[in-house]
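Input sequences plus hints: build the corresponding full structure.
Chains as they are written, first to last, in this note's numbering: chain A, 339 to 688; chain S, 5 to 258.
30 Å max Cα-Cα, derived DSBU-like pairs, lysine-lysine:
1. 77/S to 27/S
2. 77/S to 486/A
3. 114/S to 584/A
4. 77/S to 584/A
5. 114/S to 152/S
So, partial list: chain A residues that the calculated Cβ filter (under 10 Å) puts toward chain S:
6. 554
7. 558
8. 571
9. 576
10. 632
11. 634
12. 686
Honestly, the hints are just simulated from the structure, not real lab data. From the three backbone atoms N, C-alpha and C, an ideal C-beta is built for every residue, glycine too.
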Amino acid sequence: MTKSIAPMNGLTASANAPLDIQRPSASPARRIGGVLSNQSTALFIVLVVLAAFFSAIRPDAFPQIANVLNMGADASILLILAVGSTFVIITRGIDLSVNGVLVFSGVIAAKAMVAIGGEGPYVLLVGLACAIAAGAAWGLLNGFLVAKAGIPPLIVTLGTLGMSLGFALLITGGVDISDVPESLVLSVGSGRLAGIPILVIITAIVAVAGALMLRFTRFGRYTYAAGSNPEACRRASINVTAHLIKVYSLAGALAGVGGYTSLARFATTTLGGHLTDNLQVIAGVVIGGTSLFGGAGGMVGTVLGIIIPVVLLNGFVVLGLPPFWQQVAVGAVLIGAVYLDQLRRKTRER
Amino acid sequence: MSDLPLIEARGIVRHFGHVQALKGADFSVGRGEVVALIGDNGAGKSTLVRILSGTDRPNDGEIRVNGRLAHFKSPQDARAAGIETVYQDLALAPDLDASANVFLGREILKSGLLGHLGVLDTARMRREAAVAMERLGVAINLSSEIFKLSGGQRQSAAVARAAMWATSAIFMDEPTAALGVVQTLGVLDLIRRVRDAGKAVVLISHNLPQVLEVADRIIVLRLGRTVGQVAASETNVDDLVKAMTSGELRSKAA
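See below:
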């Protein structure tokens, strides 16, 4: 009976020894660091340094309220799209279709509002509902094709990018719809509340809601889990397919919101005006620390990843430098960010 | 160990096309017992465990849980019967912390309005996980992501998760295959503690000395059939190897 030696007295001392190698528990300071994650902290510092630099050289132009609000408005539409893309990329997915869906949703909303006619708040709400529904429908299609049919998201969303843009052009005959309600442009597009542009307020609400959802709800937890190890989710009885469909639908719905705000800001459907939004959004999300390999990332990083290129572009313009340098810089940073992420993944495999 | 086995399988047959994976395997495990399932590659161990844990369905044969006929159509069915499985790849989400993994698919929501909005009660899950870990004698940092843990700690987290939710039995496929010596000892102790808590543990392993060390009873499979069973205290590695290769099993007592 050799095996009967162990059970009782081996329980506390020797048994626990190999398992006791506990890491130092997280201090409050480290916890806050964890919320921001190292990458977000670094990005925040980059943002502060950039802002300080541009402000020091052109104190008369860069740090002025008008300029800051302008940057906020510039970042707003991209950020609304990026909130959805953060969820998608955390699941190991990608959504290239956001700008097509944005334009399509804007066209549907414009058509609906023009058809109803008038300027009342009811008209504006119907327009918003139409934009969200149109966007969510494309998202649903994306999610279904990715999760149910198992087609790679890169291909699915490249396909729906072309399809949604194509349908937008078919519906409008290639001519922008510009007779959108003036009340929309005046309220959502250029309106302000306590001095803050409505666009920025809408974007802030979307970003904060997205951040809370990602971090504190079961939906957010499943988003991380599905990107981290889908097989583990399935074995834990989580319906990964249904969850992915929801995530792509959310991204589509937010592209609808983006289409609505674009309509409000530019007073037209901007058929040709969002051609690289999808790439800018993905770049921002990835620079913000969300991993293309899934399972990791966050909304704070995404906000910073979207804002920094906008600040950079604005700063170059204000400084009188060729603004094309912004594209060069963002491209290089994007490659660097993914390389760093790969390095991190490699070291943790060991 | 009560007279009635907790889980009993008789005449389990499973074929995949022309391949006969199981040709009538018998199996039983009681409460508070560690049973090891051994056999050469292709003997049908994994297939049998997949059937008993609801991942696969037999072509013939019957499974009884607590004496009652059971038809597992999915792992969820087996889980509802209190049977948890620790997979060889552990099935953990490396980016989530240990507590989130323990509660994966079983998240506790906050009460009231926040709960209806799907807000997680992270503090409560962490507390409950801590209590379960303490009971099992597993000391891992529950707020640490799984990828930051060592191999042994990950294995412990997976076993502890199964032990926390299993009300009757845990199946483990090669639970120590990827571990070092010290870590292996830790997991084996954990297995004993789970057994001492009155649960049935079923173990697949190629490591015969380890099987002899931790198991109470050993069931030998060969070419899809049960060769026989023997108390771990009444056999040795040589006899087990002989049983696995030739199909003859004798115990010292016989």
